[in-house]
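> If you want the building blocks of each chain, they are given just below.
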Amino acid sequence: MKILLNHFSIRSKLGVFLVIGAIFFAVIVYGLVIPLAEKEKHVAREGKLLAVVESATSLMRYYEDCIRTYRWKMDSSLPRTREDAKNRIIAHLKQVRYGEDEHIFILDGSAQMVMHPLKTDLDGKDMSKTKAHNGTYPFQQMAFQSQRLGTVFLRYSWLSKWSMSVYEPQTTCAQYFYPWNWVVCSSLYTQDINDAVQKVRLYTIGYICLGSLIGLGVLYFIGFYITKPIVQLARQVKEVTNFAEGNTEKTISVQSNDEIGDLANAFRHTFETLRESHKRFLKVLDSIDATVYVADMDTYKILFTNRKMQESFGRDMTGEICYEVFRAQTEPCSHCTNDRLVDKNGNPADLCVWQGKTPSLKNGTSIMIGP
Amino acid sequence: MPISKKKYLATFIIVAAAVVGLTVISAPNRSEIKHDKDVPAQTYDPVVMKWATLFDPSVLSFNARCAELNWFQKTALPLRDIILQSVGEDIETSFWESQYLARAFQEITGIRIKHDVIGEGDIVDRLMEQVEEGRYHYDIYVTDTDLIGTHLRNRKIVVLSDYMANEGKSFTNSKLDLPDFLNLECGQDYEGNQLQIPDYQFALVYWFRHDWFSDPQIKADFRDRFGYDLGVPQNWAAYEDIAAFFTDRRMKNPNDSEVIAFGHADYALPGPWLGWRFSDAFFSVAGMGDKGLPNGIPVDEWGIRVENKIPVGASVERGGSINGPAAVYGLQKWIELLDKYAPPESMNLDWLAFGSMPARGHIAQTWYWTHIYASLNTAYNKVGSPVCDRQGNPVWRIAPMPRGRYWEDGMKVGYVDSGSWTIPKSTVGNTRHAAWLWAQFCLSKTVAVKKFLAGATPVRRSTLFSRAATDSQQKFGGMIELLRSPLMKKFSDSGPNVPHYPRMSKLWWQNIAMAIRKEKTTQEALDNLSEQLDIVMDSLDQEAYSPKLNPKRSREYWTQQPGAPKPDNSIKEKPSTIRYEELLQQWKESAS
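Chains as they are written, first to last, in this note's numbering: chain L, 1 to 371; chain E, 1 to 592.
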């Protein structure tokens, strides 16, 4: 990854980080936040259902307790028998509504409908074979699982309130009341939760895309303002360091109050020091009573000649090719020592001394020292 | 430097793995219902498989449950359509058997059950009418083993161990596992024959407010006043000090309610329940009887002297101890504490009504409590209750009852109620087989844990040490830990020495009520009781071990003999308490 990123510019790197960040954010939101929010919504809905169902079973428990402890002996308004208690509960729960006409219905332990307040034709019918749209048997499961676990929540698809052909997800809370072998149930549709979740998903992806685009734009400009002085600094450093080409008077002009400014100042100071050192070095070379020149090992281009050499040749040969000037040849000299100036790894070799006659000089003896 | 393909691939895999990993970790759990992987090896009847699924949790695997229920189904084939009448005491366990288990049993076996739930007193009356007068009421009873002394002498009920070995062998579940039962000996006669088999059990214990007892300020105040640490009282002297300390003290409950506390609570409404209050081990922990488990030998916790299995007297004059110094001291102290430290309404409470009183948050301790009360009253385990913390966990704890000054090491330390299946001999033929099958069904390992969760009255070791019991430890304030400890071997019921429980038990409350109402002194009331008990015993002519009273001798003669009746001991005992945590550790260490 590090190696991969090393090949990117700062702006590209920032862009990559933004994209990865956006993907990571999307994964977190889709994989964690939205499911958690959805779950919380369902839990809240289940809590509402449980409260409704428990209010019904608590009334049953109260009546059952009255019968068990013969409380009717002290209060004649209380039921004396379980049949009486059951009839009172049924009559009461038939009228109970909450939310948008939501209601409570009762099954027995074998999934036979004891009471349905809206569909009275179902009363007494075996509901165990009634299928939901998703192929499950919800009433059978309500009766069975509530006996097994006490209270259960079941999710399945059921006919919507507003259409005879559209199915919507529904959650039912079923609680078993063992003394009467009754399963007290209440259901709520949860399509609104699905819709809300879907909406959140769409909004999220939209916002992530939009945010990423804006982010990329902002990053481009931020990157531009960050990298512009760096590029400028790099170019100027390159120019300033090219002493051999006579760029001795050029300087670094990048000005800034941030870290880049500090870097530019550091370069400026370094180059001033180098320039002074370079001037002193040239003075020393010019004061030597011998001809001294410096040539590029690859191009054979003369980079520097000292004063003595200029006087000897009558001109400054800087920029010309050494073997053309000194030997009037069209190719490097056969005795050229360049290959001995560096070792096999390209590092400077030991001092190399070569002595010979230079035809262009009357009494000239050349000594090559390098690199 | 060029990037190699390997590095590109590695980078891609890392990023992809991270994305997939995050997605998997954060994906919602869609498997709501865990499926039982324990698939039966063979196919059983759907009804069997249905109920095997519903009887979950259980100490048995699904497969083993299927096998056991299948045995019931196959064994009951010749008994189908029999209508069985049974009865149990009015506690939650019986209601669950009546309204849930009976339905399961009927579906599986085809035997129709009508399991009535009535008061214990009525059960005893009907049973005695049936076995003594021949008036039929029920085919099988769940009744306390306090009647074991009556049954072993009257010989009117089926000896289950004989029945299981002979006539009922083919109707006896090979997986019944009798050694797994707790306190099986409560239903045995002197010879070890099994006459009754336990259906539910509950112990009587001491109950206290652990949160108040642990409060540093309260502890410091107590130490300043009494010179020793506040803790679980080991004897009545400490119990009395604690009662005096808390009574009229302003206390605060975890739900922030403030109360004027009472240091003691009990019930005193005259009725059969008042008799049980004393015969169910109160006089025993006072120290009235002799050393020797389970009930005291030769004088038991009823104060009855028994020689060679034959009751020879309850009065001190005949070698018994029901009107001896220990019993008089016990009753006096009981009335004194009731008058001084209990809420005034205690006088009007019966056994059942008393159960809700400590949960109201104004009682610091009571020396009479059972976890049945916690099953019947949700306030013992409810958020917002004055005796629960803000998570709904109890701030109360239980411990064995403190002992009176006549109590000696080697005597029983508490009472355990053991409602047990009892078949009158008048239940014969297939009805007897069906009744026995029904009893075994209610005791089976398949249903035992589920029954424990419904009624909290375990009768099997396997249930008591099940995960369900461990999970509910906190709910019972230390009861599970106590039941698991070897200390429970020192708890017992009324034992086999009481020759006719129904006729004798009703004498208790009538005489004790007179003492409570101050119509008689405690000595007079107990003299009267002992005389009546002797008269009843003298009148009995039973088939085995019928009572034969000792001739009357002076009180001095008997009190000078070793053991009970013990002579007057007016030395004031030194109060003794123990830290609850230390007690709990003792139970755990001894259990391991």
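Simulated from the structure, these hints should not be mistaken for laboratory data. Note that the Cβ used here is the ideal one computed from N, Cα and C, for glycine as well. One thing to keep in mind: the hints can contain errors.
[Claimed, not checked] Quick list of in silico lysine to any residue cross-link-like pairs, SDA-like style, CA-CA up to 25 Å: (1) E:K489 with E:I571; (2) E:K382 with L:K129; (3) L:K73 with E:L54; (4) L:K131 with L:L149; (5) L:K129 with E:E581; (6) E:K382 with L:R315; (7) L:K283 with L:R315; (8) L:K131 with E:L54.
[As the list claims (entries may be wrong)] Beta-carbon label-pair distances, calculated as ranges: (9) L:N87 with E:K291: 55 to 63 Å; (10) L:E54 with E:A165: 44 to 52 Å; (11) E:I260 with L:K73: 26 to 34 Å; (12) L:Q198 with E:D389: 36 to 44 Å; (13) E:L293 with L:Y98: 40 to 48 Å; (14) L:T81 with E:G227: 58 to 66 Å; (15) L:K125 with E:S472: 34 to 42 Å; (16) E:S570 with L:T81: 33 to 41 Å; (17) E:L293 with L:R80: 52 to 60 Å; (18) E:N430 with L:N87: 35 to 43 Å; (19) E:Y228 with L:Y98: 56 to 64 Å; (20) E:I260 with L:E54: 50 to 58 Å; (21) L:K73 with E:G429: 32 to 40 Å.
> Please flag the earlier hints that this structure goes against, numbers listed from lowest up.
1, 2, 3, 5, 6, 13, 16, 17 and 20
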